[in-house]
Amino acid sequence: MSTNLVSPTSYRSSHTPAVTRRKWFIDLQFRKSDRLATAMSSSLVSASSSNNYDYSSPVGYSDQRIPDVTAQDEDERLFAKRSWDIALQPIKQLPMNLIFAWMAGNSFSLMSIMIVVMLFMKPIQAIFSISSAFQSIESEGMIGNVAFHKLIYFLGNLTHLALALYKCQSMGLLPTYASDWIAFAEPQLNLETTLGGLTY
Amino acid sequence: MRNYSTPLVSPWRRVLESNALGKIDRIIWFENEALVVSGNGRRVRTIRYTEGLELWELAPPVIHEPKHSHIIKNHRDSGTIHILSDDLLWSVSSYGEMLWSVELPSKSTLKNLFLLSTSQFVVVISLDSNINQLIFTYHEKVHGTKTSSKSIRWSLDLNETKKSCTTANDIFLCSIKNHLSIYNSPASNSIQSTTDDIVPEQLTFSDSIENYKVIYETNTNILVLVTLINNDKVLYKFFRQQQATSSDNSNWEYIQLEIFTKYPNSVYSVAMEKGNLILIQAYATEQKLNFQKYTVNERSIVLSRTYAVELPELMGDIEYLQYHSNNSPLATLRMNDGSLVVIKFGEHGAELILHRDESLSAIVSAEAFDLSLSIGQMRIEEEFGGTGMLSMFIRRITTQTSQLISFVLKIVDFIIHRHKNQDFMEKQAALVRDEFNLNKILVVVTSVGKVFGILTQSGNILWKQFYNDFTPFDNFNQPSVPLFNIRTAAHYTHQPLASIYSQNTQIKTFNPYTGDNVANLCTTLPYQIRRVFVSSQIDEEFKKVLLLIDKKNKVHTFPSVPLIRALGTTTPTYIYLFDKTEQAFNGYHLTVNDNEQTSTDLQEVWRVVFKNEDVVNIHTRLSTDRVHSNGIVLGDRSVLYKYVNPNLIAVVTEGVDYQKVPFVNLYLVDTVTGSIKLARTHKKVKPPVHVILAENWLLYTYYNQRYRRYEAVSAALFEGYTQYNFSSFSSFDPIVPMTETKAYILPYGVTAIQVTTTEKGITAKDIIMATPNGMLIEIPWMFIDPRRPLDMTQMDREEGLIMYTPELMINYEYVINYYQFVYNIRSIHTMATGLESTSAVFAYGLDLFYTRVFPSRLFDQLKDDFDFMFIGWATIAFVVGSYFARRFASNYTTKKAWK
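The listed protein sequences correspond, in order, to chains A and B.
Per UniProt numbering, the first sequence starts with residue 1, numbered consecutively.
Per UniProt numbering, the second sequence starts with residue 1, numbered consecutively.
Bound conformation, chain A alone (with noise of 0.2 angstroms):
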């Protein structure tokens, strides 16, 4: 981040691998991290400017390092809003997903029978991808603990679980009844025989 700093310029040869092929380049777009960083800049070189100025030194340097303390809290905050996001995302859907399971109905149609089926395989989907779901955090670079949100994003399928079993319950397809049990039980055992009839 610090190389950034000293380097603001707009057009620079990329250096990222998907791109080796190309003799060169000029790149016209900020990346995202790009504009990430320059609008951090500004907001660090006013709050510099204030304490440290030297005119000795060319327009932007400095030789001394900066604590970068408040760029941490900000990070921290934003890795958190998003791990936030990300972990609530499930919660936010389900009032969706009530609507979608109350307008199915409870009689057996296409529809009912795909919803029933998306509503089950949504959520077992995002548990089996959970760690996948926060990639996209440390992928960004953002290294924190994620454990909890985890959980709460786990918490947050099982609403969705526990809507679907609902659903299905419901409809009439859980094996809640001992009528859903009567073709597994065993034929009664006979604890006596009997023979006989009319003597000949």
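Treat the hints loosely; a few may be bogus.
[What the hints assert, rightly or not] With a straight-line Cα cutoff of 20 angstroms, these simulated EDC-like cross-link-like pairs (lysine to aspartate or glutamate) come out:
1. B/Lys-73 - B/Glu-51
2. B/Lys-677 - A/Glu-192
3. B/Lys-760 - A/Glu-76
[Stated by the list, open to error] If you only want the chain B side, here are some residues facing chain A, beta carbon under 7 angstroms, derived:
4. Trp-29
5. Arg-356
6. Pro-572
7. Thr-573
8. Leu-577
9. Phe-578
10. Asp-579
11. Ser-629
12. Asn-647
13. Ser-728
14. Phe-729
Keep in mind that the hints were calculated from the coordinates and are not lab data.
Using N, Cα and C, we set each Cβ at its ideal position, and we do this for glycine too.
With chain A held as given, fit chain B onto it using these hints.
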């Protein structure tokens, strides 16, 4: 090639009533039609020979149940028939006119027994057992008015008189010890005569008379054959001169003709042939029929020719012989085994031209046997035997090598012989179990003791075996023979076995595939038995054991094994026996005593006695009855548990109450405890009551006399919404079953009823009902469900119940025999097949009918019109198409990458 020069007579059949009304008393043969008197003189009809058309039918004015009848043909006036039916005397002319009828005086001691016809009178011979007199009452022939009567002293009682006396033309014959008395009927001027007139002429023999028979009877000739106890046979020829005046004064003269045979079981028939009186004597020796043809001359009898015919199988003695000589001389015989045999006599000897097993209309028990495994299937069974690893390996290698060799040999054989032995191969293939075990062998036992093996797929008789000395049991006035499946075809190393038991304490065991007797398992028991059962366990040779209870209530086993081996030790065994004389059920507990190996005592534990009502039948559950589900799922998804008590029997009783109203009672008796679980009374109801007891329900049909219709009642027993014990059932459990009952009106009468059986009992159960009009109807259980509601609720609709309507609507789709009507069906046998959806039905009575039914449709099989070719080609096309599509797709992406 059909010979069109002779008129074609299409075969026809007329089925008379199945009850007493259809029982033929006498047939009188006329030129073009036969006059049939049936039901002890209650029905008279003529049937034309050519097409079986019934020309007319007459019934006497008074309807009652006669006990005795005598029918004679008036020899002076050959178109007139006189019928004596208890107290009614009536005359019928051959063109269907009732000439007159006379009600005879009725007295409890006076029994009208015989009829005679003279030129002017019809004489009724009756016995007054009170004053020991035989009374001859003369009725005028034209109007039937009584003119006079005479009586003679008589020493014989009613039964003896019935047995030893008969009439021929206008003479009355009676045998007493070694005398044959001949009462020459008094003449027309007998009105003035006194009783002294009737003085018998007596023929005296050297030995007592065993029987005698009038074998020929015309206006001028009578032949009487007398058989003595010592088997001597004497033929008497009675004759009188035919005079132009046709006066009755001419008395009969008789001569004794030569005694000519000593064969014990010979039968005789006499016919006119080219102006000569021909007497045919026939007797059977082993598998051969012998005929002797005699010419009866004026005063002598001359042997003219002998014939012998080889029979295709053992048929026993001849029961009945009729000789015809209209165009070509023919003899029709009924044999001991019920066979109908027609013999044609020609210049070069006699030949058998027709043989029919008529005994198949008298089947008393039937059992289906699975066909044996094919050799290939057996080898597979063999392949996976052995214990050690090496021995198993060697066994597999050797069997697989032999399979390969036999396959190669089969192919070589097919190439060399092609179609030469195709018939043989097809016949062999018919005896091998098919993929779904649909085809079986039906072993049927007939009342005459002939046992048949019938292939179900074709109805062909595979084998027959005639047991000469065989008498069936009487099971509530129905003949019955216990037939047991001793060893099934599953144990392929041993031959399958079936056993039958007859009243003369004989056990016959045979192979149900070949009919061959198994000599070491046939025996005559040294004791009388009360009941025979088959054991539940199998012995070392995989066969079941017969359990026999003798008169002293000791239990024997055949073949002799310890009782523990035959019954197992886990469940206690109870035995119930019904004694007809005491009208009582006795329940016994079978205590297996280790010390006494083969016979043990029965301990009485309960007793149910019926008073003022007679038990008319006992019905048990089918041994093949399977209950798959313990309960019924209701509309609210709760479970109503069935009361499935395997120890229940249905007892049908009938009686008359104190108001003289007939009633029928039905009880469900638990045979372990003797408790009655269900009792139903129906007043003004007539048997026969047909009962089905299956699973937890009961269905019975009866005739309602009040409304004059057939009704069916179904009842189901339920334990309730909870189960007392989910894992086991004991009759001692304190369960009071709930009962649901509904009654239905049947559109037809019922002659037999049965429920379908399937292997696992998953499939719905249908009722197969045989009706008097020849239909076999398959009624879905849903229609007779006792839970059909009177007013439908949402819950009932959810469950799929139909609203109750008393009338059972029988759709013509339910008739499983379409227009192949089968009559007088006595019983229906259902059997499970390898397919759960399919149940086989075999109905027997006068006709036999076999089919397969699908109570829940063919849910486990593809439809017949399933297009295998289309599916196969479509699959191949998809596989090939997907392969090419993949190639194209990869080419396309490669090309795209190069752009």
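Status of the B/Leu-577 interface restraint (C-beta, 7 angstroms, chain A) | This hint holds: B/Leu-577 lies near chain A, its Cβ roughly 5 angstroms from the closest one there, short of 7 angstroms.
Would the hint on B/Pro-572 stand, with a C-beta cut-off of 7 angstroms toward chain A?
-> 6 angstroms, holds
Given hint A/Glu-192 paired with B/Lys-677 - CA-CA distance at most 20 angstroms = Since the Cα atoms of B/Lys-677 and A/Glu-192 sit roughly 17 angstroms apart, the hinted pair holds (cutoff 20 angstroms).
Can we keep the B/Ser-728 interface hint, with Cβ of chain A closer than 7 angstroms?
-> B/Ser-728 check passes; min Cβ-Cβ to chain A is 4 angstroms, inside 7 angstroms.
Given B/Phe-729 was flagged as interface, is its beta-carbon under 7 angstroms from a beta-carbon of chain A?
-> Where the cut-off is 7 angstroms and the nearest Cβ of chain A is about 4 angstroms from B/Phe-729, the hint holds.
Status of the B/Arg-356 interface restraint (C-beta, 7 angstroms, chain A) | This hint is violated: B/Arg-356 lies away from chain A, its Cβ roughly 32 angstroms from the closest one there, beyond 7 angstroms.
Chain A contact restraint on B/Ser-629 - CB to CB distance below 7 angstroms = Holds, about 6 angstroms.
Quick one, is the B/Asp-579 hint okay against chain A at 7 angstroms, beta carbons?
-> 6 angstroms, holds
Closest C-beta approach of B/Phe-578 to chain A relative to 7 angstroms, hint status = Status holds, d = 5 angstroms.
Interface restraint verdict for B/Asn-647 against chain A (beta-carbon cut-off 7 angstroms) | Given a least distance of 5 angstroms, the restraint on B/Asn-647 holds.
Would the pair B/Lys-73 and B/Glu-51 pass a check requiring their Cα atoms to be no farther apart than 20 angstroms?
-> With a Cα-Cα distance of about 24 angstroms, the restraint between B/Lys-73 and B/Glu-51 is violated, given a limit of 20 angstroms.
Please verify that hint: B/Thr-573, Cβ, nearest Cβ of chain A, below 7 angstroms or not.
-> 5 angstroms, holds
Hint compliance for this structure: hints 1, 3, 4, 5 are not met, and every other hint is.
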